[in-house]
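There are 2 protein chains.
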Amino acid sequence: MSNLAFHHEVESPCHYRRALEVVSNKWTVVVFYELETGKKRYSDLKKQVVGVTQKMLTQTLRQLERDGLVARFVYPTVPPTVEYELTPLGKTLMEPMRALHQWTEAHYDDVLDARRAFDQETK
Amino acid sequence: MSNLAFHHEVESPCHYRRALEVVSNKWTVVVFYELETGKKRYSDLKKQVVGVTQKMLTQTLRQLERDGLVARFVYPTVPPTVEYELTPLGKTLMEPMRALHQWTEAHYDDVLDARRAFDQETK
DNA sequence: CAGGATCCCGGTAGATACTG
DNA sequence: CAGTATCTACCGGGATCCTG
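Chains as they are written, first to last, in our numbering: chain U, 201 to 323; chain E, 201 to 323.
Fair warning: there could be bad hints in the mix.
Identical chains blur together in the list; that is why a pair holds if it fits in one copy or across any two.
[Claimed, not checked] Straight-line distance between alpha carbons at most 20 angstroms, and here's what the computed DMTMM-like set of lysine to aspartate or glutamate pairs gives:
#1 K291 x D313
#2 K239 x E283
#3 K291 x D310
#4 K246 x E285
#5 K291 x D309
#6 K239 x E285
#7 K240 x E283
#8 K246 x E265
#9 K255 x E265
#10 K255 x E285
Hint data in this document are derived by calculation from the structure and do not stem from the laboratory.
Given the structure is predicted, the values throughout are model-derived calculations rather than measurements.
Build the full structure now, drawing on both the sequences and the hints.
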């Protein structure tokens, strides 16, 4: 179980970071958005989330499950079928996530411009 | 300058993660919220942001500056005085950040409960 | 099919010491 | 005061191999 010892295992002293601790791992957001459209199988997630390894996908899903944001359904078939779905709690996170996403759509180019300008100056 | 090679140096293939790349470093959010109340000196930030080292504070501020979210003001005094302030672009990020923060206030206990329950089951 | 178990690398964060 | 420089430890993340 020591694989669950992610970097946010310990509760943050500053509550401003708590939401980010829930969400800020590399694959969490992508998986999260993938589940927004409904219940999905492990293999489908693996296909949709380009570049993710089995290890990281599993680890990410476990963490989301542990945090109560995602529910895991195992069906006793052969071969096994496992599906994942956002919980009601998980769905409440969609709104703030969308707010962040909209900010990105609106301002990410500004960030990129700022980076270029900064790198130009300090070169 | 190779210290600026943070993990989000390379543009993410998935735009859902971009906003988080801007914000999801360990100290970024804390510093950001600290600057919400106005322009502050380096030493004051150092005091307010409990646990941060000079290295990480400087690194975080540089990154925020590079992304155009924070402005840096150097005054030619002895000893030197440096102040940091949110830019207009930086201020536009406050709204989505606040949304995340409110989610935390409302639901973080649920997350903690879910974790306890999960750890209980899988023990 | 859906993972578990290992091995390994690179980078981030921390500690410490030094400086204009 | 506001950093820079260096060294080190740790761990996230990838690759690979194995399994009920």
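Tested hints:
no.: 1; hint: K291 x D313; verdict: between (33 angstroms within a copy, 17 angstroms between copies)
no.: 2; hint: K239 x E283; verdict: within (6 angstroms within a copy, 49 angstroms between copies)
no.: 3; hint: K291 x D310; verdict: between (30 angstroms within a copy, 13 angstroms between copies)
no.: 4; hint: K246 x E285; verdict: within (14 angstroms within a copy, 42 angstroms between copies)
no.: 5; hint: K291 x D309; verdict: between (28 angstroms within a copy, 16 angstroms between copies)
no.: 6; hint: K239 x E285; verdict: within (4 angstroms within a copy, 44 angstroms between copies)
no.: 7; hint: K240 x E283; verdict: within (5 angstroms within a copy, 49 angstroms between copies)
no.: 8; hint: K246 x E265; verdict: within (17 angstroms within a copy, 36 angstroms between copies)
no.: 9; hint: K255 x E265; verdict: within (15 angstroms within a copy, 35 angstroms between copies)
no.: 10; hint: K255 x E285; verdict: within (19 angstroms within a copy, 41 angstroms between copies)
Checked against the numbered hints given earlier, the structure satisfies every one of them.
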